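Hey, can you work out the whole structure from these sequences and the hints?
Residues per chain are reported as follows:
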Amino acid sequence: MPQPEVSYQLRAPEASAASEKPAVSTPLSRLTSSLGSASVGWIVPAALVLLWTVAADRGWAPPQFLPPPSTVLRTFGEQYDSGELLTNFAVSLGRVAGGFSLGALLGVVLGVAMGLSRTLEDYLSPLFRAASQVPVLGWLPLAMMFLGIGESLKLVIIAHASLVPVAMNTLKGIQSVPRQYVEVARAFGYSHGQLLRKVIFPASVPAMFVGVRYGITQAWLSLVTVELLASSEGLGFMIVWGRQLLQLDLVLAAIIVIGAVGLLFDKSLALLEARLLRWRPASTLAGGHS
Amino acid sequence: MSELLTVEARGSSAREPAVEAGGSSAREPGVDKPAVLETRTWWQRSLATRRGLVVPGLVLVAWIVATHYGLVNKHLVAKPEKVVTRAIEELRNGGLLLNLFASIKRDLIGFVIGAVAGVLFGGLLGVSRRSERLFGPTFHAAKQVAMFAWIPLMSVWLGTGEVAKVVFIAVAAFYPIVVNTQEGIESVAREHIEVARAFRYTRWQIVRKVVFPSALPSIFAGVQTGLIYAWLGTIGAEYLLSPDLGIGNLMIEGRESLQMDKVLLGVTVVGLVGASINLLASRLEQYVLRWRVTAFEARQ
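Protein sequences, first through last, are from chains A and B.
Here my numbering is used: the first residue of the first sequence is 1, the next is one more, and so on.
Here my numbering is used: the first residue of the second sequence is 1001, the next is one more, and so on.
If you're looking for bench data, these hints aren't it; they were derived computationally from the structure.
You can trust all of the hints, since none of them are fake.
Which residues of chain B face chain A? A partial, calculated answer using Cβ under 7 Å: (1) GLY1052; (2) LEU1134; (3) THR1138; (4) PHE1148; (5) LEU1153; (6) MET1251; (7) VAL1267.
Quick list of simulated restraints, FRET-style, between CB atoms: (8) B:LEU1097 x A:SER152: 29 to 39 Å; (9) A:ALA274 x B:ALA1189: 18 to 28 Å; (10) B:ILE1088 x A:ARG197: 52 to 62 Å.
Negatives, chain A to chain B, calculated, CB over 10 Å: (11) LEU73; (12) SER82; (13) GLY94; (14) GLY150; (15) GLY189.
Fair warning: this is a prediction, and the values are worked out from it, not measured in the lab.
The C-beta atom is built at its ideal place from N, Cα and C for all residues, glycine as well.
Now the structure itself:
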């Protein structure tokens, strides 16, 4: 009986098809094994920066088109020292924080309400689905007509960008709570409040989180776009400003910060998710007795 | 409290794919759906339809009342019938179709370029662990930059015309397709590869006959997200790059000349196109993956 098992374990293939170790050791594979997996990831960025430096140095492209990395770094430092960078960063982050909290809160409330009451779902979800067919940016010109190009525009657009995914995923999460959980809770004589708090809510948190992550990505994307189109401060504005002056070093500095913020959101949400869902692997029922 | 009962009566599949952008729920294989519908009679379903029309109806009535009785600034808020006449007018003089075709054309060209590149690159990352180690970190870092932030930079290098727009749309579609292709390939069951090895498949045969088919559902999920992003990118590129024919430009024009009817027409068309693209993609998915549904049924 163990025979196939043994051969199985001997081969122990990786998940992918072509991950068999090559018989011949190529220079690259020797490099891979000697440097370890983490540092290999730096090869491509390093090569790109090298290429960029050489290209700027040799004048393959005029400096207005391709400023050398050193200039970008210096501009970054100048912007940091003068406080411009931090101010714009804070403005953008504040807008996202405000709009996202508003949108996510409304989204969770709407999603939970629609998930618990089929009547409410019948009334609201068709409109919801229809409106969500239009991408957030599709509403932008209309919103600009009504709200002008001030702070309220940014708040509304970001709130809208986060509301739809959060609400839809919350609804989906509640709807897909396994009915056995509800039955067990009933058998234990849980009240409606307990059922909600201890069963339905914890069981739908993973889906809700998918919505939150997607929502925050959308919110950040929309904010940058709104700032590119209509703003006089913020990271998006920095890019437009740099573009108008043909100072690509400024543009690139702002892009780096935008990427860093995106990374920050992504990592912190992944961390939060792991923390909130700690109970999952251990517990068999979504009782939440932790 | 009978409302809580409904939670019980609904489908119990906890593994349904998450809703990413609204309305794309058509992506579900359609297997889990009937369980929900069965619990409702014809009368209940028609009741749901009528309930769904209540809120939009109220909005329409409020809009008509507000515009006809001068409750709102009539220079700003167009009357509903004005939007309809504007749509007919734009259809008659061909302006709408011209703009629409220009947008769809650049959307599709950009999408196809991005999708082909995305499947190839994602496939490379999924199949070869070494290229994932080499390119993966750079790709994931670049992905973190909100995509519209690249537009001003691209406009310096590629100009503000059609090339820049198409390249941007391709980039927008590229990211989700790479991610999903890679994930799909990495989650291929190792047993399947084992069986193929036992049958002495060559590496190429394994990729073509085992890895690719099992990764296909995930690739399609990426294609759908890519389509959504490509359309979003089309609208955004039209806002931000040089004015040309396009739905995004129609809306910007409408806003600048304070013609809300034109803007609303644009919003409607953008939504309709997005919905049709989604629908077409999910139909195509159902067709291409029809063997998958039969496999599921065979297991029952």
